[in-house]
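Colleague: Just so you know, the sequences run in chain order C and D. Take the position in the first sequence, starting the count at 1, then add 4; the result is the number in this note's numbering. Take the position in the second sequence, starting the count at 1, then add 71; the result is the number in this note's numbering.
Everything labelled a hint here was simulated from the structure, so no lab data went into it. The model shown is predicted, which means the values in this text are computed figures rather than measured ones. Cβ coordinates follow ideal geometry from the N, Cα and C atoms, glycine included. There may be inaccurate statements among the hints.
Unchecked claim - Lysine to aspartate or glutamate pairs mimicking EDC-like chemistry, simulated, CA-CA at most 16 Å apart:
(1) D:K337 - C:D189
(2) C:K260 - D:D108
(3) D:K329 - C:E43
(4) C:K227 - D:E525
(5) C:K227 - D:E486
(6) D:K189 - C:D87
Stated by the list, open to error - To give a feel for the contact side, a few chain D residues facing chain C, derived at Cβ under 10 Å:
(7) R121
(8) V250
(9) T253
(10) G254
(11) V333
(12) L480
(13) I481
In case you want the letters, here they are:
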Amino acid sequence: MDELEKAVKFVKSSMIDGEAMEAFILSEREVAIRIYELEIESLTTAESSGVGIRVVRNGRTGISYAGTLDREAITRAIEEARDNSRFGSPDEFAGVAEPDGVEPPVMSSQWSHELLSTPMEKKIELARDLERLTRRRDKRIRSLNSSNYGESAFASAIINSNGIERYSEATYCWAYAHALAGEGDESQSGFGMSAAKDFSEIDIEFAAAEAATKATRMLGARKPRSMKTMVIFEPEVTRSFTSIVAGTLSAERVQKGRSLFANRIGEVVASSKLTLVDDPTDERFFSAVPIDDEGLASRRNVMIDRGELKGYFYDTYTGRKAGVSSTGSANRGGIAGSTAPGPRGCYFEAGQISREDLIESVDSAILVQSISGVHSGVNPISGDFSVGAEGFVVTKGSLGEPIKEFTISSTIQKMLGDVREVASDLTFRLGSAAGMTLAIDDVSISGN
Amino acid sequence: MVDADVVERVLRAALVSGGDFAEVFVEEKATFSAALDDGNVEELSSGVARGAGIRVRFGDTTGFAHTADLSERGLLRAAEAASAVAIRSTSGSSTIALSPRLFAPVDIESIMGSSISKDRKVELLLRLDAAARSAGASIRQVGASYGDSFRRFLVANSNGTFVEEEQIRTRVSVSTVAVGDTGMQGGYETVARTMGFELLEEVDLEELAGRAARRAIAKLSARPAPSGKLPVVLNGRGGGVLFHEACGHGLEADHISKNSSVYTGKVGEQVASPLVTLLDDGTFSKQWGTYSYDDEGNPAKSNVLIKDGVLVDYMWDQNQSDRAARVSSGNGRRQSYAHLPMVRMTNSYLTAGESNPEEIIADTEYGIYIAQLGGGQVNTATGDFVFGMTEAYLIENGEITAPLREANLIGNGPEVLRSIDAVADDFSMVPGTCGKDGQSVPVGCGQPTLRITEVTIGGTANG
Numbered sequence: 005m006d007e008l009e010k011a012v013k014f015v016k017s018s019m020i021d022g023e024a025m026e027a028f029i030l031s032e033r034e035v036a037i038r039i040y041e042l043e044i045e046s047l048t049t050a051e052s053s054g055v056g057i058r059v060v061r062n063g064r065t066g067i068s069y070a071g072t073l074d075r076e077a078i079t080r081a082i083e084e085a086r087d088n089s090r091f092g093s094p095d096e097f098a099g100v101a102e103p104d105g106v107e108p109p110v111m112s113s114q115w116s117h118e119l120l121s122t123p124m125e126k127k128i129e130l131a132r133d134l135e136r137l138t139r140r141r142d143k144r145i146r147s148l149n150s151s152n153y154g155e156s157a158f159a160s161a162i163i164n165s166n167g168i169e170r171y172s173e174a175t176y177c178w179a180y181a182h183a184l185a186g187e188g189d190e191s192q193s194g195f196g197m198s199a200a201k202d203f204s205e206i207d208i209e210f211a212a213a214e215a216a217t218k219a220t221r222m223l224g225a226r227k228p229r230s231m232k233t234m235v236i237f238e239p240e241v242t243r244s245f246t247s248i249v250a251g252t253l254s255a256e257r258v259q260k261g262r263s264l265f266a267n268r269i270g271e272v273v274a275s276s277k278l279t280l281v282d283d284p285t286d287e288r289f290f291s292a293v294p295i296d297d298e299g300l301a302s303r304r305n306v307m308i309d310r311g312e313l314k315g316y317f318y319d320t321y322t323g324r325k326a327g328v329s330s331t332g333s334a335n336r337g338g339i340a341g342s343t344a345p346g347p348r349g350c351y352f353e354a355g356q357i358s359r360e361d362l363i364e365s366v367d368s369a370i371l372v373q374s375i376s377g378v379h380s381g382v383n384p385i386s387g388d389f390s391v392g393a394e395g396f397v398v399t400k401g402s403l404g405e406p407i408k409e410f411t412i413s414s415t416i417q418k419m420l421g422d423v424r425e426v427a428s429d430l431t432f433r434l435g436s437a438a439g440m441t442l443a444i445d446d447v448s449i450s451g452n
Numbered sequence: 072m073v074d075a076d077v078v079e080r081v082l083r084a085a086l087v088s089g090g091d092f093a094e095v096f097v098e099e100k101a102t103f104s105a106a107l108d109d110g111n112v113e114e115l116s117s118g119v120a121r122g123a124g125i126r127v128r129f130g131d132t133t134g135f136a137h138t139a140d141l142s143e144r145g146l147l148r149a150a151e152a153a154s155a156v157a158i159r160s161t162s163g164s165s166t167i168a169l170s171p172r173l174f175a176p177v178d179i180e181s182i183m184g185s186s187i188s189k190d191r192k193v194e195l196l197l198r199l200d201a202a203a204r205s206a207g208a209s210i211r212q213v214g215a216s217y218g219d220s221f222r223r224f225l226v227a228n229s230n231g232t233f234v235e236e237e238q239i240r241t242r243v244s245v246s247t248v249a250v251g252d253t254g255m256q257g258g259y260e261t262v263a264r265t266m267g268f269e270l271l272e273e274v275d276l277e278e279l280a281g282r283a284a285r286r287a288i289a290k291l292s293a294r295p296a297p298s299g300k301l302p303v304v305l306n307g308r309g310g311g312v313l314f315h316e317a318c319g320h321g322l323e324a325d326h327i328s329k330n331s332s333v334y335t336g337k338v339g340e341q342v343a344s345p346l347v348t349l350l351d352d353g354t355f356s357k358q359w360g361t362y363s364y365d366d367e368g369n370p371a372k373s374n375v376l377i378k379d380g381v382l383v384d385y386m387w388d389q390n391q392s393d394r395a396a397r398v399s400s401g402n403g404r405r406q407s408y409a410h411l412p413m414v415r416m417t418n419s420y421l422t423a424g425e426s427n428p429e430e431i432i433a434d435t436e437y438g439i440y441i442a443q444l445g446g447g448q449v450n451t452a453t454g455d456f457v458f459g460m461t462e463a464y465l466i467e468n469g470e471i472t473a474p475l476r477e478a479n480l481i482g483n484g485p486e487v488l489r490s491i492d493a494v495a496d497d498f499s500m501v502p503g504t505c506g507k508d509g510q511s512v513p514v515g516c517g518q519p520t521l522r523i524t525e526v527t528i529g530g531t532a533n534g
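One chain only, chain C, in its complex shape:
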């Protein structure tokens, strides 16, 4: 992308002695198709770009952004970042990344020419087919809120005054459906999705089956009675849980005293069945990238090894503060955001037992299909965990009646220790975490 390289050149020419500077430059193309009752409800095509600038002078940091890549906008952003840096508190650890000798892994191409050369008509038809397939799955599917196709092709560059200059580019596409199922007065909704790098890999059969199944199998759901029981998380639920746990291991949280895992390296914090890995280079993630958001190589980090806490996520700043190297874990919240360390591709290592065997081995439990209210219901400082849920009763190894409108509560610490089984069905979807079927003992259910 021409625009990107021009911007890189221009930022480099603006760097001056006596200050550290970092620029994150992004150029993106997007398509979004929304189908309703087989007609195109909307078709969006867009190109966007922008730059985020960080300047550090005398230990003081300032940041700024611009939503375009013309010289005038970049110049203004650099001037603003310099001016903003005058007001930050001086911090001896502030700065931009230094090359650490770790080479970014060679990854297979993240850029799909096949996707970008597929005609729009085929993408529209795919979204229509998704609606048809979803409706066909079950008579009780009354309608679809929408059936969607989307794609993104982005190229980014990170450069800084320590000589880092790294590029990454990727494409992905996805299709998803919101199905509404009904019986009598009752209605339930279900979401199904498939994502891929290449257009031909999108599996709309899978997405349709998922949306239809999730909507129909909840029909007739009732509120369960309150109890303490084993819960079995579906892979999507485990994925959320994994993100929450990994998020508490950010060195920023730890250094600010906002993590329940502060000062606990080397301690047993989880069941010996749990090994938490963060590996953004694992190409099973659609978001796999060879570099982090400060331009350092992505790498595999073991965070929890068979229950023992091994380390935290560091970026350049938090690493310097702790006297350790960055773990290549810098995350940036878009061009206007600041940088913080955290998980970029995390999952618990898969166990041996199959999902089917796990469920069959259970005498009594609740299978949790989805959870809600995660942001408000989980306290990463105290570890309190209380979220809304829906799912099924499992009795003597088989799925029973659907249940809804209940909460599951425990603490993060207790749940990690109470993990009974980790199944083998590790599933990768969009996002920076993956999950499998996971059984956890002794969780409080509140319903009636």
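Dock chain D against the given chain C, drawing on the hints supplied.
Modeller: Positioned in the frame of chain C, the structure of chain D alone reads:
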């Protein structure tokens, strides 16, 4: 922002393949933010983004393209991309006759954030920090943030609408962490308005910080929340978000037309307790969700949604109101030029009643008093919701007693509306950010203190 004759040419180009409706939306938004954490002023951040979104409608199909290139060439290219979705190829030779431009500038007395020195903004953060720390020795950490934004937009369409508007927003927030024998607890307060830096003359920063500190300190002695179905008294300052999420979204016309709302077909029916009157009011003076014209150029209105428990009307944007052959209620909003507008709330609130808030508590034998709700989630198809309670207390024998640890409130919006049995004569409005289909917009949520006869509390672990 863009000349009227350019706008006309772009609209004409957008309709060249026979669309029924075309719109140009041009926006520029500048933001500034500063944050303090643990006594240190963190990086100040500022920037500008601008661009244009062009949409063309062919029947029920919308083509949309956006660009950051505001030259006539750039706009014409986006118009061409947006009209490529054409489902018929009647070559249109449409005439566009824009009405005289309507301009809604910021109030003359508004103080632009950009005219205030960064030093003064940083000073505010230091004051918040000092005030929160002075509230008690148990306060160990304080975070404070300040932000302002200035947004200008132009919206013109093939019906002749031609509106330009300026919006200025300012917010201040403070978060605290208190440490005690039982661990750490957090507190949070925010003030946010659609106005300039003069907001800071209205806000008592010391009081705000003190309140955030006291929330955290109170929770140090919190005990696990009970679980099960209990009566709940919702404080006016803390609960409006519940009605926004669990009822408001279900009254958005896009959900209605797709039959994905529990309120479909219920206009004229009793859907709530007779004590409930629910409004959405985009004209509410200087609140967080207030504006003069919505992002489609329709004037903001004060809309009664539920009156004395009876469903009166839904909320409408241009698309939905055209389909229903009625006028828009001024609820068409978009996160930015890069997003399609849709039906969104502005400031939604339950109106005050006649009871005394203290008497409502005194009249509750055993239940939960919620001083502040956290975020939540709702399924509009069913009305099922989950909310976090960030500050809650037990009510025993008509008195507020022990503070409770965080837990969730879980229930069903329509059921909650029907089971409100007391509404107080107080009222508060709080700012929030509403997310829908991946777009975030500022909103206000308000309510008086009220009681719900029964909601499920998802207790704290081991509770």
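Colleague: Decide, hint by hint, whether the structure agrees.
Modeller: Verification of the hints:
{"no.": "1", "hint": "D:K337 - C:D189", "verdict": "13 Å, holds"}
{"no.": "2", "hint": "C:K260 - D:D108", "verdict": "9 Å, holds"}
{"no.": "3", "hint": "D:K329 - C:E43", "verdict": "13 Å, holds"}
{"no.": "4", "hint": "C:K227 - D:E525", "verdict": "14 Å, holds"}
{"no.": "5", "hint": "C:K227 - D:E486", "verdict": "14 Å, holds"}
{"no.": "6", "hint": "D:K189 - C:D87", "verdict": "9 Å, holds"}
{"no.": "7", "hint": "R121", "verdict": "6 Å, holds"}
{"no.": "8", "hint": "V250", "verdict": "8 Å, holds"}
{"no.": "9", "hint": "T253", "verdict": "9 Å, holds"}
{"no.": "10", "hint": "G254", "verdict": "5 Å, holds"}
{"no.": "11", "hint": "V333", "verdict": "8 Å, holds"}
{"no.": "12", "hint": "L480", "verdict": "9 Å, holds"}
{"no.": "13", "hint": "I481", "verdict": "5 Å, holds"}
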